[in-house]
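*Asks:* Below, each chain spelled out in residue letters.
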Amino acid sequence: MSEHARKYWRSLSEAAGDPEFRRWLEREFPEHASEWVGSRRALLKLMAASFGLAGLTACRRPEERILPFSKGVEGYVPGRPLYYASIMTLGGLSTGVLVETHEGRPTKIEGNPEHPASRGAATAFVQASVLSLYDPDRSRAVLRVGRRSSWEEFEAFIASHMKAAGKGEGLRVVSGAIGSPSLADLRAFLLERFPAARWIEYEPLGREAEAAGAELAFGRPLQPQYRFDQADVIVSLDADFLGLDCLAPVWIRQYAERRRADSMNRLYVVETGYSLTGANADHRWRARPSEVGEVARYLSRQLGLGGLKAPDPGAPKWLTAIVRDLERHRGRCLVLAGPRQPASVHALVHWINYELGNAGRTVYYTEPVVRTGAEGLQRLAEEAEAGEVKTLVILGANPVYNAPADVAFADLMRRVPLTIHLGQEPDETAALATWHLPEAHYLESWGDGRAADGTAAIQQPTIAPLFGGRTAAEVIALLADYPQRRSYDIVRQYWLRQWKGREAERAWAQALHDGVISGTEFRAVAVSPDPRRLQALLAQAPGKSEDLELQFHPSSSTYDGRFANNGWLQEAPDPITKLTWDNAACMSPATARSLRVESGDVVELEAGGRRIAAPVWILPGHADGAVSIALGYGRTRCGRVGNRVGHNPYPLRTLNTQGFLRGLQVRKTGRRYPLVTTQEHHSMEGRPLVREATLEEFRAQPDFARKPDGKVDAFSLFREHSYSQGHQWGMVVDLNACIGCNACVLACQAENNIPIVGKDQVRRGREMHWIRLDRYFVGEPDDPQIAWQPVACQHCELAPCETVCPVAATNHSPEGLNDMAYNRCIGTRYCANNCPYKVRRFNFLDYHKGLQEVEKMVYNPDVTVRMRGVMEKCTYCVQRIEEKKVQAKAEGRPLRDGEILTACQQTCPAQAIVFGDVNDPDSRVSRLKRDPRNYSLLASLNTRPRTSYLARLRNPNPELAAEEGS
Amino acid sequence: MATVSQPAESPLVLEGVTLTQVTSTVAGVVERRTPRAWWFAFAFTGSLTLVLLAMLTYLVTTGIGVWGNNSPVGWAFDITNFVFWIGIGHAGTLISAILYLFRQRWRTSINRFAEAMTLFAVACAAIFPAFHVGRPWRAYWLFPIPNEWSGMWPNFRSPLIWDVFAVSTYGTVSFLFWYLGLIPDLATMRDRAQTHARRVIYGLLSLGWRGSARHWNHYEMAYLLLAGLSTPLVLSVHSIVSFDFAVSLLPGWHATIFPPYFVAGAIFSGFAMVVTLMVIARWFFGLHHLVTMKHLENMNKVMLATGLIVGYAYAVEFFIAWYSGNPFERFAFVNRALGPYSWAYWTMVACNVLAPQLFWFRRFRTSVPVMFVVSLLVNVGMWFERFVIIVTSLHRDFLPAAWGMFRPTWVDLLTLAGSFGLFLTLFLLFVRFLPMISMSEVKAMMASREGA
Amino acid sequence: MQLFEKQVDRYFRIFFLLFLLVLLGGITLFAFVSRPQYTEVGYSPIQPVAYSHKLHAGNLGMDCRYCHIGVEQSAHAGIPPSEVCMNCHARVKKDSPRLAKIRESYETGQPVNWVRIHRLPDYVHFNHRAHVLAGVSCVSCHGRVDQMVEVRQVQPLSMAWCLDCHRNPAPSLRPPELVTRLDWQPDRDPTEIGRELMARRGIKPPTNCSACHR
Amino acid sequence: MSQSTERIGGIYGVAAEFEDAEELLAAVRALRERGYRKLDVLSPFPVHGLAEALGIRRSPLGWAALVAGVTGASAAFLLQWWTGAVSYPLVVGGKPFFAVEPSVPVAFELAVLLASFAAVLGMLALNGLPRFHHPVFAHPRYPAVTDDRFVLVVENDGERFDAVQASEALRATGGEHIQVLEAE
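Keeping their order, the protein sequence lines are chains A, B, C and D. For the first sequence, counting from 1, position 30 maps to 793 in the working numbering; every step adds exactly one. For the second sequence, counting from 1, position 381 maps to 394 in the working numbering; every step adds exactly one. For the third sequence, counting from 1, position 83 maps to 87 in the working numbering; every step adds exactly one. For the fourth sequence, counting from 1, position 10 maps to 58 in the working numbering; every step adds exactly one.
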């Protein structure tokens, strides 16, 4: 897309203010349901002359209306999508997005190639965020003590209330992390006006430990900025930097760029649960959360930090091997710790990196973009207890659900006379608030934000607020009586102030166009460690204990719970467990044996006198002696999709146990709970499906991946169809790049109008995803490795599905696509039976039934919505192919390689998917197909798939590999 | 039940039976007042038929999702039932056609009965391909109907289209065969009828049959032709049904042994069903002197033979799976015998291979209770055979990540039960209103025996 | 004893023949009236505003693209906003009662509820842009709109009809700049012109499913 | 059949009942010896050897079935070739648009279907069925014919036919219930 589509991104700034435009947007709401009255005179005339039989056919033609605008909208042509550059902010950090809109409806989010945190890619959360926009359960009205009110009433109320606020002694604001420069400016304005007020930023999955570690190490709270593309050796201490500890796709991109055979990095992971990062590791060791810090301390000592060279002869061999590898790669290696680890571990890690000469090369430090912390909540609770809090404003946060259990936020709220809650959902916190205000979705509102590296960008709306929501900035502007009241003005004025002068307007237009404000990234800060303080940390050694530990980690579907009502995400299987619509207490097979539990047994988890119930899931590769559980489930007031889905672990999570807790008691209840996965079998059964080799093996035998196929001596009984002419589409999936993150699954769902089927249907094996990530465990059941394989329709040249279709609903296009005509399909399912890849999906029921009009707004108009009883599958995004072909034709030029991007390819943060014309020998896909690692899945069946795979490489440390081999 | 002492060569019609006695015995069943037991049976099977209707209505209005089918198990009870019923439907034509061509006289007492069974079984079978599709209201696209909307035609390379042609031809030809055989007997019914209504109805149905020698001349030729045509037809139908599987590439389906294996299985199951129903009808309507132990014994011998063929096929499948060296094929069969559906596999083996071994012994072969139980077991076993072939092959094929399990829903089970309801209801109507033994053929056979 | 009277045979034959006749006739009739040519062609609903294409496109000679702006840029040709009408009618016939709905729409911002005439099912993706750029004239599908006071559907718009042209496009092609000239008469064999255009511009209309069904 | 009887009017023929097949066969032979050529027998089952005795030729239905079968198979091949390779050629599984091998099942089925129809409909047509009213039904012993009796009909074969003579001839061969059948 890149260059080409950019022509169409348009700024909405003028139009948004235009009342005509607003009306147009509002009209998008279906007041005008189909009208059946009106004349059918001509038709009746026709029918009157015909026989009774023909009368029946008259029923087939309902009258349809076309409603054009009354006034044209500049630059808009009905049927052509428009693209807008914006940002999506999660946990205070922004990612650049491009929003595709059709007739004023945002339908698809892509990454913004210009934005440093995105570089054209988008994560699963970003992809799914467009569905949340159209969530019919979103907050629709201002509520005052549960009764319907209005913004006007609230405005009047707050104006008079704030007059009596004095210096703001009783005023407290709780919000999520604030990375937005304009909102930070507003906050400063508010606190200036009410100097006694206090503002608490709380994120349940904050990254404060990193900054706190930097404060310990360097004396200043700094944010480390990683450069994975510069690191030859990476040691991750429970840091899921490829997975959920990374909210921007850029780290995956940097990492994947260094997985190429010519400059391959090496990744060591020590972790408790099985994370995406662990799944991609060259070496992985299991450790209880508390033991991870031990590894950091050990590494520090072995590296002789602070002059304390104290080799430990009894140390495990793998640790000494890591140390040697790190020492060999001074300045080109990187050690990092996960956000669940305490500040002391982070401090050691910062120190290690500094001593290895990595600071400034593979990691540098900047001022943090956000500063969050749970401590503020503790103080707030104390103040509320003392009756000091009079007015509590909660902006876009849901602390009743996700605040630390010992804060007891619900009790806290009951002690405050006036609580105001702004949120997108009428959620758990809204239920206890005096006032609940609907919050605008990021696609509906103006704003700004910063990426993790500090780069600022403007968030521009692509649709008027559907349910009358407003932004946090607008609410603060009301509270603080700020000169501007609308976020458009607030954001614009803020940035115009930054730029000043005549250039300001142009810079504003540029910022909107590019979706990024250049030159705003934070400068690197020079650091120097304080060895004395760090040596003290080294001396700390927590007593060994055999207690069970419990680790809390983000959910791949709901994150911290905020996406709980998003059906796409709920249905997306967890990349590792493949569980959908649930979380579970994951534990290793050995731990489960010792607890005498099996997957699906409900257990009671108890710690510190608090207890929750959760079902067990036995996860091979999990650390023994520990349990891990995803946060973000068990919500009660998020909407019809997410209510009572899964089990809520927050009641066990306290201020001091944000990452993990020790002393866990697990008790079997005897109850069973149905856990549902999209993959029931986890072994490759010795079949050469995912092919992999070590880097050394690859160098010795580059075409190792083709060996399992042997020599296929195919003898054909008939003259085969020739595909030598014109475009011939094909795809290559680089298994070495793929990290298994699910972004493609969600992108495909958004692009192709794939329905949500629900937990019960998934249980029956009827999930509809067109692309699935096959995840196989390889090796020892207690400590296996993981192999991924994204599988969608392979577009076989000799497609077995086509031959068996009795009505020719699936057949081949001259360009080698395995076409599927939904309207011809009668639904025998024979094609799916005969598909060796099992990628065809059948509409067993009407999965689009009962959707509200607003939910249908997310549909891509270029893709047919399938009815029940028909088969569907990956089309290689044929709608995108056709669109680009027409475009090239219109411009009188041949198609360019890389011009057509499939949805999965476009969003892939690892750039693992390449699509193109295999008839063009110079295309990227053709070049990759000539790669020695290229192989076809199930080649022995002679289906001749157009999708092929590049075998995976691992880069184990030869020292350890030799040992593992022996 | 009168016991008949069997001479060394058991007669096909007991000695001393006259032609009139044949007529009155067979026609008498229809002319007698409807027995109470018939009404009870009819009420039961009729209700089951209504259950079938209800299930199909629910299916069509809601979607295939009411069944347990899923991905990867796209076919389960639906096609299992289809193949099962089509298999049952093979005995009738086989008895009528092949045994006719081989001049097996013992067929005459049972062919009508078996043909009717064929017809009803094909009717039951036809339900499933029609209703297993996701959009049954579009099922007419399976036929090559010219149209000016899409200009589309069926894909004649698909075994399902072959199925459509095979099953519809088979149903039609079976009906013609059955009806052709009925014409003289309908004339008999017409001429014996006591009420005007019956006379008119049988009169119309018999098409004015007079029994003229010229009639018989053409009639016998037509009958011979139909027998000659039906013989390859009956072999082709189950071969083509087996192509649904054999032409695919699924391990467990893709096998060249399938056509003969399926045909043998079909005959096996068909004979089992004939025995099951014949034993009941013979006892209930007192047809011992027309349907003698000789008939039953011969059918049991056929069951033994076809059972052995089927058992051989099971063994050969395993051998080929091992011998081919294809890991997918090997796994598919190991999974059948030892996987999660092994209970179905071993049920199948026990019922189809072990149970008929009793028929090596004359004592069991000629024991009505034994043959009744064995025939029931074979029915069960043959249903499981199709279930095993379809479900165990689909549920674990090439990519382990896509493996799954099939669990039937209550709709699946009730639809299966309902199809039995329809079958038995049609059968009850048949035995109530039409002569269930071919009188003219029995008479001809008796006459030729006397002549000999 | 005769069961049936002699006439029964005659009646039977007559009834049988009649039955055959009715059956075959019925099938033929159904086949005829269910054809798209019969059920689709001729649809001409009353529009909320009595807009005459004959007057505007025919007599006044306005180009199609003056109103249907999307036809060269988008899959949809588009129905013009009321504003486009008002470009002229702000001055011409500014008080005509027949234009009341247009003026009202322009003033209130409420759209005019035009009735759709040319309708394809949701599963069909027709792209005006691709066709117009290839040189398929408006007239091929919409007929002589410039002679219609009330627009009516003149082609069946069925799949088989689409395929006819996709299989044999030459007779329907003309130089792209002439697509909106509904009265254009080629000076030589149109098929020949079409063939030349196909060769020069590489026009190969697809007949595979995904060309239209996605 | 037997349109000739209609032409003459009055008498269709003379019929007598026989009790068993051998008696009947003997009667047929005797009557044919006496010059009666237009004989018919009504019987509950096809009597072995009767057709030869009556001089009835082998039924030509086989030829009809053959022609129909060949028509069916050819039509099937033609249909599959035309729809697959001419009307709308679609690439299916990379296979040829038309090939003989996959066309065989449908061709076979269609051949059998048409041949079967030809056999059954041909039988009805050659026998003039359905025909619900017929002079022979008027014979008082007719109903027994479909049970266990045989009726031999000496049909009116033209001007020389004498019903009384025919009755006598029948009686001489042992026929009972001799009855003159009215042509209607």
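Calculated from the structure, these hints are not laboratory results. Certain hints may be false.
As the list claims (entries may be wrong) - DSS-like mimics (lysine-lysine), calculated; alpha carbons at most 25 Å apart, straight line:
| id | chain 1 | residue 1 | chain 2 | residue 2 |
| --- | --- | --- | --- | --- |
| 1 | A | K1080 | A | K1341 |
| 2 | A | K1431 | A | K1341 |
| 3 | A | K1612 | A | K1647 |
| 4 | A | K1647 | C | K58 |
| 5 | A | K1652 | C | K208 |
| 6 | C | K97 | A | K834 |
| 7 | A | K1522 | A | K1652 |
| 8 | D | K86 | C | K105 |
| 9 | A | K1307 | A | K1080 |
| 10 | A | K1080 | A | K926 |
| 11 | A | K1648 | A | K1612 |
| 12 | A | K1612 | A | K1522 |
| 13 | C | K58 | C | K97 |
| 14 | A | K1648 | C | K98 |
| 15 | A | K834 | C | K105 |
| 16 | A | K930 | A | K1153 |
| 17 | A | K1474 | A | K1619 |
| 18 | C | K10 | A | K834 |
| 19 | C | K58 | C | K10 |
| 20 | A | K1307 | A | K1470 |
| 21 | C | K98 | C | K58 |
What the hints assert, rightly or not - Every beta carbon over 10 Å from chain B, so not counted as near; a handful from chain C, in silico:
| id | residue |
| --- | --- |
| 22 | L7 |
| 23 | R39 |
| 24 | P40 |
| 25 | R107 |
| 26 | E108 |
| 27 | S162 |
| 28 | C169 |
What the hints assert, rightly or not - Just some of the chain C residues that point at chain A, by a computed CB distance under 8 Å:
| id | residue |
| --- | --- |
| 29 | T32 |
| 30 | A35 |
| 31 | H80 |
| 32 | I83 |
| 33 | V119 |
| 34 | L124 |
| 35 | Y127 |
| 36 | D168 |
| 37 | H170 |
| 38 | N172 |
| 39 | A174 |
| 40 | P175 |
The beta-carbon is built from N, C-alpha and C at its ideal position, and this holds for glycine as well.
*Asks:* For every hint, state whether the structure bears it out.
*Replies:* Status of each hint after checking the structure:
This hinted pair does not check out: K1080 of chain A and K1341 of chain A have alpha carbons roughly 33 Å apart, beyond 25 Å. For the hint linking K1431 of chain A to K1341 of chain A, the alpha-carbon distance of about 24 Å falls within 25 Å, and the restraint holds. For the hint pairing K1612 of chain A with K1647 of chain A, the CA-to-CA distance comes to about 32 Å; that exceeds 25 Å, so the pair is violated. For the proposed pair K1647 of chain A and K58 of chain C, the alpha carbon gap of about 36 Å is over 25 Å, so the pair is violated.
A threshold of 25 Å between alpha carbons decides the hint, and for K1652 of chain A with K208 of chain C the separation of about 12 Å falls inside it, so the pair holds. In summary, the hint linking K97 of chain C to K834 of chain A is supported, as the alpha carbons are separated by about 19 Å, within the 25 Å threshold. Simply put, K1522 of chain A and K1652 of chain A have alpha-carbon atoms about 45 Å apart, too far for the 25 Å limit, and the pair is violated. At roughly 91 Å between alpha-carbon atoms, K86 of chain D and K105 of chain C are farther apart than 25 Å, so this suggested pair is violated.
Under the criterion of a C-alpha separation no larger than 25 Å, the hint pairing K1307 of chain A with K1080 of chain A is consistent with the structure, at around 21 Å. Between K1080 of chain A and K926 of chain A the CA atoms are separated by roughly 68 Å; this puts the pair beyond 25 Å, and the hint is violated. With a CA separation close to 34 Å, the supplied pair K1648 of chain A and K1612 of chain A exceeds the 25 Å bound. Only pairs whose Cα atoms come within 25 Å are accepted, and K1612 of chain A paired with K1522 of chain A is accepted, the gap being roughly 16 Å.
Our distance criterion of 25 Å between C-alpha atoms is met by K58 of chain C and K97 of chain C, whose separation comes to about 17 Å. For the proposed pair K1648 of chain A and K98 of chain C, the alpha carbon gap of about 45 Å is over 25 Å, so the pair is violated. A distance of roughly 14 Å separates the Cα atoms of K834 of chain A and K105 of chain C; the hinted pair therefore holds under the 25 Å criterion. Restraint check for K930 of chain A and K1153 of chain A: the C-alpha separation of about 12 Å stays at or below 25 Å, so the hint holds.
With a CA separation close to 50 Å, the supplied pair K1474 of chain A and K1619 of chain A exceeds the 25 Å bound. At most 25 Å may separate the alpha-carbon atoms for a hinted pair to count; K10 of chain C and K834 of chain A exceed this at roughly 82 Å. Between the alpha carbons of K58 of chain C and K10 of chain C the distance comes to roughly 69 Å, so the proposed pair goes past 25 Å and is violated. Restraint check for K1307 of chain A and K1470 of chain A: not satisfied, since their Cα atoms lie roughly 49 Å apart, outside the 25 Å limit.
Pair hint K98 of chain C plus K58 of chain C holds up; C-alpha atoms about 20 Å apart against a cutoff of 25 Å. With a minimum CB-CB distance of about 5 Å to chain B, L7 of chain C fails to clear the 10 Å threshold, and the non-interface call is violated. Distance check on R39 of chain C: its Cβ comes as close as 5 Å (rounded) to a Cβ of chain B, failing to clear the 10 Å threshold; non-interface status is violated. Listed as a non-interface residue, P40 of chain C fails to keep its Cβ farther than 10 Å from every Cβ of chain B; the least gap is roughly 6 Å.
Every C-beta of chain B lies more than 10 Å from that of R107 of chain C, the closest at about 42 Å, which supports listing it as non-interface. The claim that E108 of chain C is not at the interface with chain B holds, since no C-beta of that chain comes within 10 Å of its own (minimum 41 Å). A cut-off of 10 Å between C-beta atoms contradicts the statement that S162 of chain C is not in contact with chain B; the least separation is 5 Å. Its beta-carbon lying about 12 Å from the closest one in chain B, C169 of chain C satisfies the requirement of being farther than 10 Å from that chain.
Below 8 Å, beta-carbon pairs count as interface contacts, and T32 of chain C has none with chain A, the closest being about 11 Å; its hint is therefore violated. Contact between A35 of chain C and chain A, as hinted, is not supported at the beta carbon level, the nearest pair being about 10 Å apart and thus beyond 8 Å. Given the 8 Å rule on beta carbons, the hint for H80 of chain C holds: about 4 Å separates it from the nearest Cβ of chain A. Hint on I83 of chain C holds. Least Cβ distance to chain A is approximately 4 Å, under the 8 Å limit.
A distance limit of 8 Å between C-beta atoms decides the matter here; for V119 of chain C the minimum to chain A is near 6 Å, and the interface restraint holds. Because the beta carbon of L124 of chain C sits about 11 Å from the nearest beta carbon in chain A, more than 8 Å, this interface hint is broken. For Y127 of chain C, the interface hint holds, the least distance from its beta-carbon to any beta-carbon of chain A being 4 Å, beneath 8 Å. The beta carbon of D168 of chain C comes no nearer than 18 Å to any beta carbon in chain A, farther than 8 Å, and the hint placing it at the interface is violated.
Because the smallest distance between the Cβ of H170 of chain C and any Cβ of chain A comes to about 12 Å, over 8 Å, the interface hint for this residue is violated. Here the hint on N172 of chain C is broken, as its CB sits about 17 Å from the closest CB of chain A, past 8 Å. With a cut of 8 Å, the hint placing A174 of chain C at the interface with chain A is violated, because the nearest CB-to-CB distance is about 18 Å. Interface restraint check: P175 of chain C against chain A, minimum CB-CB distance 21 Å, threshold 8 Å, status violated.
Of the numbered hints stated above, those contradicted by the structure are hints 1, 3, 4, 7, 8, 10, 11, 14, 17, 18, 19, 20, 22, 23, 24, 27, 29, 30, 34, 36, 37, 38, 39, 40, listed in ascending order.
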